[in-house]
Amino acid sequence: MQGVSLEQAVAMIPDGASVMIGGFMGVGTPERMVDELVRQEKRGLTVIANDTAMPGVGIGKLVTARLVAKAIVSHIGLNPETQQRMLAGEMDVELVPQGTLIERIRAGGHGLGGVLTPTGVGTVVEKGKQKIAVNGKDYLLETALRADFALVNAFLADYLGNLAYALTARNFNPMIAMAADTVIADADNIVPVGVIAPDHVVTPAPIVDYLVAQG
Amino acid sequence: MDAQTVIAKRIALELRDGMLVNLGIGIPTLVANFVPAGMRVFFQSENGLIGTGTVPEEGMHHRLLTDAGGRPVTALPGACTFDSAMSFGLIRGGHLDMTVLGALQVDGAGHLANWMIPGKMVPGMGGAMDLASGAKRVVIAMQHTAKGKSKIVEACSLPLTSARPVDLVVTELAVIAFPGGRATLLETAPGVTAEQVLAATEAELAVSDGVKPMSIR
Numbered sequence: 000m001q002g003v004s005l006e007q008a009v010a011m012i013p014d015g016a017s018v019m020i021g022g023f024m025g026v027g028t029p030e031r032m033v034d035e036l037v038r039q040e041k042r043g044l045t046v047i048a049n050d051t052a053m054p055g056v057g058i059g060k061l062v063t064a065r066l067v068a069k070a071i072v073s074h075i076g077l078n079p080e081t082q083q084r085m086l087a088g089e090m091d092v093e094l095v096p097q098g099t100l101i102e103r104i105r106a107g108g109h110g111l112g113g114v115l116t117p118t119g120v121g122t123v124v125e126k127g128k129q130k131i132a133v134n135g136k137d138y139l140l141e142t143a144l145r146a147d148f149a150l151v152n153a154f155l156a157d158y159l160g161n162l163a164y165a166l167t168a169r170n171f172n173p174m175i176a177m178a179a180d181t182v183i184a185d186a187d188n189i190v191p192v193g194v195i196a197p198d199h200v201v202t203p204a205p206i207v208d209y210l211v212a213q214g
Numbered sequence: 000m001d002a003q004t005v006i007a008k009r010i011a012l013e014l015r016d017g018m019l020v021n022l023g024i025g026i027p028t029l030v031a032n033f034v035p036a037g038m039r040v041f042f043q044s045e046n047g048l049i050g051t052g053t054v055p056e057e058g059m060h061h062r063l064l065t066d067a068g069g070r071p072v073t074a075l076p077g078a079c080t081f082d083s084a085m086s087f088g089l090i091r092g093g094h095l096d097m098t099v100l101g102a103l104q105v106d107g108a109g110h111l112a113n114w115m116i117p118g119k120m121v122p123g124m125g126g127a128m129d130l131a132s133g134a135k136r137v138v139i140a141m142q143h144t145a146k147g148k149s150k151i152v153e154a155c156s157l158p159l160t161s162a163r164p165v166d167l168v169v170t171e172l173a174v175i176a177f178p179g180g181r182a183t184l185l186e187t188a189p190g191v192t193a194e195q196v197l198a199a200t201e202a203e204l205a206v207s208d209g210v211k212p213m214s215i216r
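Heads up: the protein sequence lines correspond to chains A and B, in order. First residue of the first sequence: 0, per numbering that gives the first Met the number 0; consecutive thereafter. First residue of the second sequence: 0, per numbering that gives the first Met the number 0; consecutive thereafter.
Some clues are possibly wrong.
Unchecked claim - To give an idea of the chain B side of the interface with chain A (calculated C-beta under 7 angstroms), a few residues:
id, residue
1, Leu29
2, Ala31
3, Asn46
4, Leu63
5, Leu64
6, Ala84
7, Gly93
8, Ile116
9, Lys119
10, Val121
11, Gly123
12, Gly126
13, Met128
14, Ser132
15, Ser156
16, Pro164
As the list claims (entries may be wrong) - So these bits of chain A aren't anywhere near chain B, every CB distance computed over 12 angstroms:
id, residue
17, Leu5
18, Gln7
19, Met11
20, Pro79
21, Thr81
22, Gly110
23, Arg145
24, Arg169
25, Ala196
26, Pro197
27, Asp198
Hints listed in this document are in silico derivations from the structure and should not be mistaken for laboratory results. The C-beta atom is built at its ideal place from N, Cα and C for all residues, glycine as well.
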């Protein structure tokens, strides 16, 4: 793990990159990194996340700044801008059931080609997908997702890069940390090694590539 | 009693001690207000919480403790938090005893449409498809009609949420189940007759032998 400044961290992300971003309606989103993506005007991004939050919050800021070419998300209902841009054809949105989305990301980070889920069978979600019967029950084959970068928000990071999360801010963060080529973590608190007890480390240090320095 | 209260109070009668329950946004959320005294029900919030409590007092919220709509909540003693894979493992894996969801339409066989109106409202399915497919019991909380039109229809014109039928529909007029894949009137709301329910319902509705009044006060 290497410590980097906020500016350096975001400068590593090229235009057109695929980026997984933690958070659920902005809670658990690395807000500083989103702000810096907007400041550095990183364009044409493919964003993989639970939702696009709302205007002015988290990923909503990337939508407002027109930096998102494609979003792979489960929910855009609280962000009318995403809906408008999608309906106007200015932004590609792939809607995925939430439990399927997190499993596709988990599969991508755990060396699996995909997962079989009953969710979506008999709905528009099954369109174009392989249906596989196992023990007489139908499942959809949902393929794994990976990204160039994961932008992770943790509550605690130690000097080595071990991460722990708080309350409902955990959500997608531990899964995206496994599923990207480059993992950049931003923590609310950076603490000495040992403060996070081994049993309480959720994301192990060796998978974190960069930790953003406090401002 | 207003329509929403009738629905929420009636659904609260489906709760049992020790159940793990997920409540959708809207009328379903109100069910938590009517948990019978002395009963412990574990409410799950799909963003990663079991033990969801009430809305915090002004100024007493924590920015990292929210419900699935992103609003501040409290956590009850014994609460636990987890990531989204665990949260949906609970939902799909047969661990969630009951989910209460809103609906746009339910058809005569119990199929649910509740996530989009093509060209008009495209919010995304969020967790709805996983909940409707995975929960042990799916209960629908909705007004019987919208703009004077029945929401219990012959066949859903809107995209389905799941191929798996729901178990129970509770409206301000009636309780309807789907034994043998057929919409059947089980209970009527206080002051409502079976005829009134039939008149307000587009789908063919069988009337069970002993239609009872909802036992709510």
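Reported absence of A:Asp198 from the contact zone with chain B (all CB gaps over 12 angstroms): Holds, because the least Cβ-Cβ distance between A:Asp198 and chain B comes to about 15 angstroms, which exceeds 12 angstroms.
Would the least Cβ to Cβ distance between A:Arg169 and chain B come out above 12 angstroms? At about 5 angstroms from chain B, A:Arg169 fails to clear the 12 angstroms cut-off, so the statement is violated.
Is the Cβ of A:Gly110 farther than 12 angstroms from every Cβ of chain B? holds (15 angstroms)
Given B:Ser132 as an interface hint, is its Cβ closer than 7 angstroms to any Cβ of chain A? holds (5 angstroms)
Residue hint B:Leu64, partner chain A, criterion CB-CB below 7 angstroms: Holds. Min distance 4 angstroms.
So A:Gln7 supposedly isn't at the interface. Is its beta-carbon more than 12 angstroms from every beta-carbon in chain B? holds (26 angstroms)
Distal placement of A:Leu5 relative to chain B, Cβ over 12 angstroms: holds (20 angstroms)
B:Ile116 as chain A interface residue, shortest Cβ-Cβ below 7 angstroms: With a minimum Cβ separation of about 12 angstroms from chain A (threshold 7 angstroms), the hint on B:Ile116 is violated.
Double-check B:Ala31 for me: the hint is only fine if its C-beta lies closer than 7 angstroms to a C-beta in chain A. Result: violated, 17 angstroms to nearest chain A Cβ.
Taking C-beta pairs only, is A:Pro197 more than 12 angstroms away from all of chain B? holds (19 angstroms)
Does the closest beta carbon of chain A sit nearer than 7 angstroms to the beta carbon of B:Ser156? violated (14 angstroms)
Does the claim that A:Pro79 lies outside the interface with chain B hold up, using a Cβ gap greater than 12 angstroms? violated (10 angstroms)
In summary, the structure is inconsistent with hints 1, 2, 7, 8, 9, 15, 16, 20, 21 and 24 from the numbered list given earlier, while agreeing with the others.
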